[in-house]
Structures are given as structure tokens and as C-alpha cells.
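Produce the entire structure from the sequences given, and follow the hints as far as they go.
As they're listed, the protein sequences go chains G and P.
Numbered per our numbering, the first sequence spans residues 1 to 205.
Numbered per our numbering, the second sequence spans residues 1 to 205.
Just to be clear, a hint being listed does not mean it is correct.
Given that identical chains are not distinguished, each listed pair holds provided it fits within a single copy or across any two copies.
Claimed, not checked - Listed next, the in silico BS3-like pairs over lysine-lysine satisfying Cα-Cα at most 25 Å (straight line):
| hint | residue 1 | residue 2 |
| --- | --- | --- |
| 1 | 184 | 167 |
| 2 | 137 | 184 |
| 3 | 167 | 201 |
Just so you know, these hints were derived from the structure itself, not from any lab.
If you're wondering where the values come from, they're calculated on a predicted model, not measured in any experiment.
There are 2 protein chains.
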Amino acid sequence: MSFDGYVAGPSQSVETPLGIGGEDLHQWVFPLRAWREMHGLPGGEVNESTRVVEESLAGIAATIMGRNMFGGHPGPWNAKQPWNGWWGANPPFHHPVFVLTHHPRPPLELEGGTTFTFVTDGIEPALKRARSAAGGKDVALAGGAHAAQQYLAAGLVDEMEISVVPKLLGGGERLFEGIGDDLKGLELVRTVATPQVTHFKFTRR
Amino acid sequence: MSFDGYVAGPSQSVETPLGIGGEDLHQWVFPLRAWREMHGLPGGEVNESTRVVEESLAGIAATIMGRNMFGGHPGPWNAKQPWNGWWGANPPFHHPVFVLTHHPRPPLELEGGTTFTFVTDGIEPALKRARSAAGGKDVALAGGAHAAQQYLAAGLVDEMEISVVPKLLGGGERLFEGIGDDLKGLELVRTVATPQVTHFKFTRR
Numbered sequence: 001m002s003f004d005g006y007v008a009g010p011s012q013s014v015e016t017p018l019g020i021g022g023e024d025l026h027q028w029v030f031p032l033r034a035w036r037e038m039h040g041l042p043g044g045e046v047n048e049s050t051r052v053v054e055e056s057l058a059g060i061a062a063t064i065m066g067r068n069m070f071g072g073h074p075g076p077w078n079a080k081q082p083w084n085g086w087w088g089a090n091p092p093f094h095h096p097v098f099v100l101t102h103h104p105r106p107p108l109e110l111e112g113g114t115t116f117t118f119v120t121d122g123i124e125p126a127l128k129r130a131r132s133a134a135g136g137k138d139v140a141l142a143g144g145a146h147a148a149q150q151y152l153a154a155g156l157v158d159e160m161e162i163s164v165v166p167k168l169l170g171g172g173e174r175l176f177e178g179i180g181d182d183l184k185g186l187e188l189v190r191t192v193a194t195p196q197v198t199h200f201k202f203t204r205r
Numbered sequence: 001m002s003f004d005g006y007v008a009g010p011s012q013s014v015e016t017p018l019g020i021g022g023e024d025l026h027q028w029v030f031p032l033r034a035w036r037e038m039h040g041l042p043g044g045e046v047n048e049s050t051r052v053v054e055e056s057l058a059g060i061a062a063t064i065m066g067r068n069m070f071g072g073h074p075g076p077w078n079a080k081q082p083w084n085g086w087w088g089a090n091p092p093f094h095h096p097v098f099v100l101t102h103h104p105r106p107p108l109e110l111e112g113g114t115t116f117t118f119v120t121d122g123i124e125p126a127l128k129r130a131r132s133a134a135g136g137k138d139v140a141l142a143g144g145a146h147a148a149q150q151y152l153a154a155g156l157v158d159e160m161e162i163s164v165v166p167k168l169l170g171g172g173e174r175l176f177e178g179i180g181d182d183l184k185g186l187e188l189v190r191t192v193a194t195p196q197v198t199h200f201k202f203t204r205r
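In C-alpha cells:
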């Protein structure tokens, strides 16, 4: 999240999936060994952010994301040129991913254990299916802002890891918008500060 | 600042100067010895936030604030019942304070060395007068959001101390709104994290 509260910059598009400046929010993660490993790359740094990334990934066996994060284009799926996500043939999830959408589509099985399942009946059924797929392990809510807002407002988030970068984006998608002042029992339990990013972890006590 | 970026809550009024929930942004400071001392009160805590408060106060010899922070009511001053600020007969500044306003008014001298001077010709003349009054020492920009935005956008801020509290206000005055993505050369130089508040210091390198 930027210092002015955006998790994606303005003018998101197929060419600029995170919006203008949105990539800057993630610069801290790319050099990390934990991130490179997940993407099949050798080497990388180990620093204070490493344990945050490792903590976030540990025990995750299914992911939920919004249609805008899965990306491509708004509206019905294009049957002739299907959009298969931003992540190529072997996405870094390696487990079932549930995509919230209004437009039905058969599941999309890619390499490395990632299957995208498109859920059209809302956030609670998506969570139920993700939980079932995770088989007792944890479910990650990857984003974007609108998906996160819906789960937060419904009180369905048990843990929240927010990484704040000391930059402004000046526009785009704000994470905390339209959900009022209620964190639904989530409380700050840990802060890790580095020059590039500050990681805030909230959990329900 | 709240986690959703507000420096004052919604519905600011004479009864609720910081807006609904706005007081929560300052709970971390009230128990501190540094804060109590400034307000003529005995005792208090010394913790990690102490040096941040001491750093912020050190070397300050004049303050600038917006009319809304000085408070009372919008529009021309009421000559019969003049509003003299929120801080009583002996305000905690103990140095000259310059209030940005569209409505002229003679200076207001209170006890303890605080004189409020009302500046109607804009942010640069106010800064010039405050610098002159500070005689080589530093000028603090106390707030509120609109005053801070104007000085930030003009590139007139040399240092910025932002204390982020892990709560949502859901509405009110956002600090970073309408100023785009340009921090005008300000960079994060120090973070102090506590369970109650995280202090971010930016300076121009």
C-alpha cells in the first residue's frame, strides 16, 4: 500500500496491470530469495522482510482474488482469446485459486498445481470452496482492493498483512475506502520497519 | 494519521474539534512526559515515542496553522464573541503562531509567550513571517490537512513527521489528497514502530 493508501495506481490496463506507479509498491519484494524461489528463480536477498513473506506464505493452500486482479478486461470472457491471468503457463500459486466474477467460465488448469476456478455466486461461497480446497490449511485473500473491501466489511478476514511503502501514487484503488471505521476486531500485532517498506500485521484476538 | 489516511475524523465541530474518532489519533501522546510537560502537567511516561516528540519540538520557534485548525467557525470573525483558539488562556506553543485565514483580525496575545497572528495574504508570506519570527530556528507546520497540502504541493516542506495509528476513521480530512504523487524530494529517513503508533520521518536529502 502506498503512503496515501493506494494498492494500485491510476489507469490500470493490460499494459499496466498495477496502474501508473503501482509496480513501485512491490519493489521491496522482488530481490528477496523467498519471492524468487516462489517464481522458480535462483538466489536473492534475505532481510527483515523475508520472515514477513515467509509468514504470509506459510500454510496457505488456496487463494481468493477478484476478477480485476485476475485481469484482462472487464465484462464477459472472450471465448476466442481467453485471458488466462498475468502469470504465464506456470503461475506462482501452486494451489487452487478462486476468482470472484459475474461471468461464468470453466475452471482453468495451468502448470505447477495452479487451477483457477471462477466463482459467480459471491464472496461467501467462494470462501467456502477455498476453505474446502485448502483442507484445513489457510486461505489467502490476494486482492485487489474491491475483493478485500468486501471480505473486510463482512468480517471474514482473520489476518491482514499490509506493507506500506513511503511513496505517493496520487490516485488509483484505495484499500480502505467505503468500509467505514470498523476493523471488525482486527488489531495490530506486529510491525516490521525497513527503509523500503513497513509491514503491519493485524489479527483477530 | 489513521491507517486509512485521515488526520481528522468526520463531522468536525466546536464540540468535536478533531471530528468523530479524531481524538483516537492522539491517544499515544497524552501519557508522555514530553507532552505533559509542554502542557504544564507533572509526571508521565518515557517510551520510544518520547524521542520522536522531543525531536519534533526541538528547535521550533514559530508555528503555522490553518484557520480550520485554529478553529471556531468558518467565515468572518465574530467581533462580539471572538474565538481565541482551542487552547485556553495559556496555549502550549509558547512562541509566535501564524494562522492562515481569509479574514483579517488583529494579533491575539495570550499568556506564556503565544501570540496568534492572522495572515491573509497566503502561504508564502505566512512562511516568511514565521521564519522571521523564528530568528534562524525552525518553523513547525502544525496542520490541518489543507494547510499541509498547500505547503507540500508548493515544495515548502523540508521535514515531515507522520504518526500512523492502527485504526480506521472511515471519513474526515485525508492528509494526502489532491496533491498527486510528488513528495517533492522528501524521503523516508527514520521509522519508529510501537504497538500504538508508527512514526515516519521524511526529510529532503
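Right, here's what the structure says about each hint:
{"no.": "1", "hint": "184 x 167", "verdict": "between (28 Å within a copy, 11 Å between copies)"}
{"no.": "2", "hint": "137 x 184", "verdict": "within (22 Å within a copy, 45 Å between copies)"}
{"no.": "3", "hint": "167 x 201", "verdict": "both (20 Å within a copy, 13 Å between copies)"}
Consistency note: the structure conflicts with none of the earlier hints.
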